[in-house]
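Engineer: From first to last, the protein sequence lines stand for chains X and V.
Just so we're aligned: 310 in this note's numbering is position 310 of the first sequence, and the numbers increase by one with no gaps anywhere.
Heads up, this note's numbering is the position in the second sequence plus 1000, with the first residue counted as 1.
In case anyone wonders, no lab produced these hints; they're calculated from the structure.
In this text, all values refer to a predicted model and were calculated from it rather than measured experimentally.
Just so you know, even glycine gets a beta-carbon here, dropped at the ideal spot from N, CA and C.
Fair warning: there could be bad hints in the mix.
[Claimed, not checked] Pair ranges (Cβ atoms, derived):
id : chain 1 : residue 1 : chain 2 : residue 2 : range
1  : V       : V1051     : X       : Y138      : 51 to 57 angstroms
2  : V       : A1085     : X       : G199      : 43 to 49 angstroms
3  : X       : E200      : V       : A1085     : 55 to 61 angstroms
4  : V       : P1119     : X       : A220      : 27 to 33 angstroms
5  : X       : A220      : V       : G1125     : 36 to 42 angstroms
6  : X       : D300      : V       : P1119     : 42 to 48 angstroms
[What the hints assert, rightly or not] Only pairs whose alpha carbons sit at most 27 angstroms apart, straight line, appear in this in silico DSS-like list of lysine-lysine:
id : chain 1 : residue 1 : chain 2 : residue 2
7  : X       : K87       : X       : K55
8  : V       : K1294     : X       : K351
9  : V       : K1236     : V       : K1294
10 : X       : K329      : X       : K351
11 : X       : K269      : V       : K1294
12 : X       : K87       : X       : K135
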Amino acid sequence: MNLHEYQAKDILRAHGVTTPPGEVVTEPAAAYEAARRFGGPVMVKAQVHAGGRGKAGGVKFCKTADEAREKATAILGMQIKGLTVKKVLVAPAADIASEAYVGIIVDRARKAPVFMVSAAGGIDIEEVAAKTPDKIRYHAVDVRYGLRTFEAMELGFFLYSDVKLARAAAKVMQQLYAAFMATGCSLAEINPLVVTPGGEVVALDGKMVVDDNELDRLPAIEALRDTDSENPAEVDARNHNLTFIKLDGNVGCVVNGAGLAMATMDLVKYYGGEPANFLDIGGSSNPEKVVNALRLITADPNVKAILFNIFGGITRTDDVANGIVTAIKANPLKVPLVIRLTGTNEEIAMKILADSGLAASSDMDTAVQQAVKFAGGSR
Amino acid sequence: MSVFINRDTRLLVQGITGRDGSFHTKQMVEYGTRVVAGVTPGKGGQQFDAVGPDGKAAGVPIFNTVSSAVQATGANASVIYVPPAFAADAIMEAAAAGVALIVCITEGVPVLDMTRVYPFVKERGVRLLGPNCPGLISPGESKVGIIPGRICTPGPVGVVSRSGTLTYEVVYQLTRAGIGQTTCVGIGGDPINGTNFIDCLEAFERDPATKAVAMMGEIGGTDEQDAARYVRDHMKKPVVGFIAGQTAPPGRRMGHAGAIISGSAGTAAEKIEAFEQCGIGVARRPIDFVELIKARLK
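Model the full assembly from the supplied sequences, consistent with the hints where possible.
Structural biologist: Dropping the structure here:
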């Protein structure tokens, strides 16, 4: 789950990191009021779950409160990477002496949270990594000890030669680490971490991605979810324990297991079709899940054929068959349906389907080719 | 012959009385796996009823803790079906009790939990498979986890995969074509897991019964690229590979926490290229494994 900048900053602030004050608003008039209260120049920043906000024109410097209203009008409602901006953060513009990058990710290879720090802050860290890799320093944290002070100091001195600044940055890194662990993050970054002309180290922007598997035990973090800023179909799917991602094709796919779901989409493409979605109904599925899956897929007007590809292991194929029959009885389909189903309780499933006049195949390639044909054939 | 498990594996089941644990324990006992103990705190002293492959009752004694189960039964492997919140502790309990192989089926284990678990099991020299994996099966000998027994048949191919149902698909295609398997291993799709492709390739290279390897990877991370280089540098046996997620849009999570394309690393195209450069046969579709493996077994 992605957190907004203002939410990430609230968490950082609670862990002791200095961040500039800010107000989140949804109306241009409120942006004007906020800017007036802060006095002086402000930044107006789109709060949306997409990177590259600045490049997209979603972050603006405003000299006056009037300008803040004007820029907020432009940014609110703006589309950034397909997502509509519904909130902006208004914050006093900081004087900046230097910018650095500090981030933590869970690294698959090192199997640990890894710090990435660079004095080249304020820009895309991927770009720095690609062009000037020696400007980034990495440090893998042993979670049993956390980020020890001497390790934080080594990172601090990598950013600043001045001991006061190095110490201040080291403290920020320990605070960021504490926030990262407490929030169940898979990524947390401060970009930029700035030094003000007065010598203060301040987090000007914050980003956090929370591991979805943490949300059950962190209800306060789950409560930060902003469903307004997510794709409605994907929110609906999550509420029914399905993983759904909408794509641009016309073959609707219902599959159990992420790997097989991806392989099914690939096979649709291989035979000349285009998948309309990724949809994983997971293991231990019950008929209700299948009903919801079909509802999601048929809501997409692009879908011209629906393909089920179920390999029963932990999933019982008779559960899936019952779900299909129930769903179709309630809402007859307007597009052709192709069912591939094999594995646990296959014989029972085939009988359930046959009793309702539905045919099913046990071969994946045959089923995919048929679905592609029904959807308008190969292109 | 096989890798990691065989007919002598003495298995204990953590979470044996739960919904998934009980269902799959029955299946494992029926398959012929030597399930010697179960663990559910508070149910120690009871018995779990199951039926062996010969149709005779084969009850499994239940213990309160893993250490008492190991002491009483000499269990040397454990399979875990507990809910995600308890999985990390269950893995460490098994490792602390001296179990040599731990297979964690549980899906949804927080990745930060795994950053604590991984060094704990490594320091004890324990092999962990998973979490979020289907387990493994040595056809005709033993099955640990949830891979359906009837889609497998004994034979010369080692199978290793990051996905569950995709593994079934490929194994099913191989079995239908009369190509059997030494061991099928599902390593799981989470970002931090105990056993990776290279661990399995190494084991298959050493196993005299394995003559060829089928490997199924997916988008995200660089494990497949590392595995490809390992095949080039250290393996004499032929390997055929497949990558799922060629049509996945960049940056989208596709169910497996592992399957994220981040930046330039981890795309299907990149992985397939690594396979080709390192002499791995590339299956474009799951069904292609059949012909590619056949040609390499000759």
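Engineer: State for each hint whether it applies.
Structural biologist: Status of the hints after comparison with the structure:
| no. | hint | in the structure |
| --- | --- | --- |
| 1 | V:V1051 / X:Y138: 51 to 57 angstroms | holds, 54 angstroms |
| 2 | V:A1085 / X:G199: 43 to 49 angstroms | holds, 45 angstroms |
| 3 | X:E200 / V:A1085: 55 to 61 angstroms | violated, 41 angstroms |
| 4 | V:P1119 / X:A220: 27 to 33 angstroms | holds, 29 angstroms |
| 5 | X:A220 / V:G1125: 36 to 42 angstroms | holds, 39 angstroms |
| 6 | X:D300 / V:P1119: 42 to 48 angstroms | holds, 45 angstroms |
| 7 | X:K87 / X:K55 | holds, 18 angstroms |
| 8 | V:K1294 / X:K351 | violated, 35 angstroms |
| 9 | V:K1236 / V:K1294 | holds, 17 angstroms |
| 10 | X:K329 / X:K351 | holds, 17 angstroms |
| 11 | X:K269 / V:K1294 | holds, 26 angstroms |
| 12 | X:K87 / X:K135 | violated, 34 angstroms |
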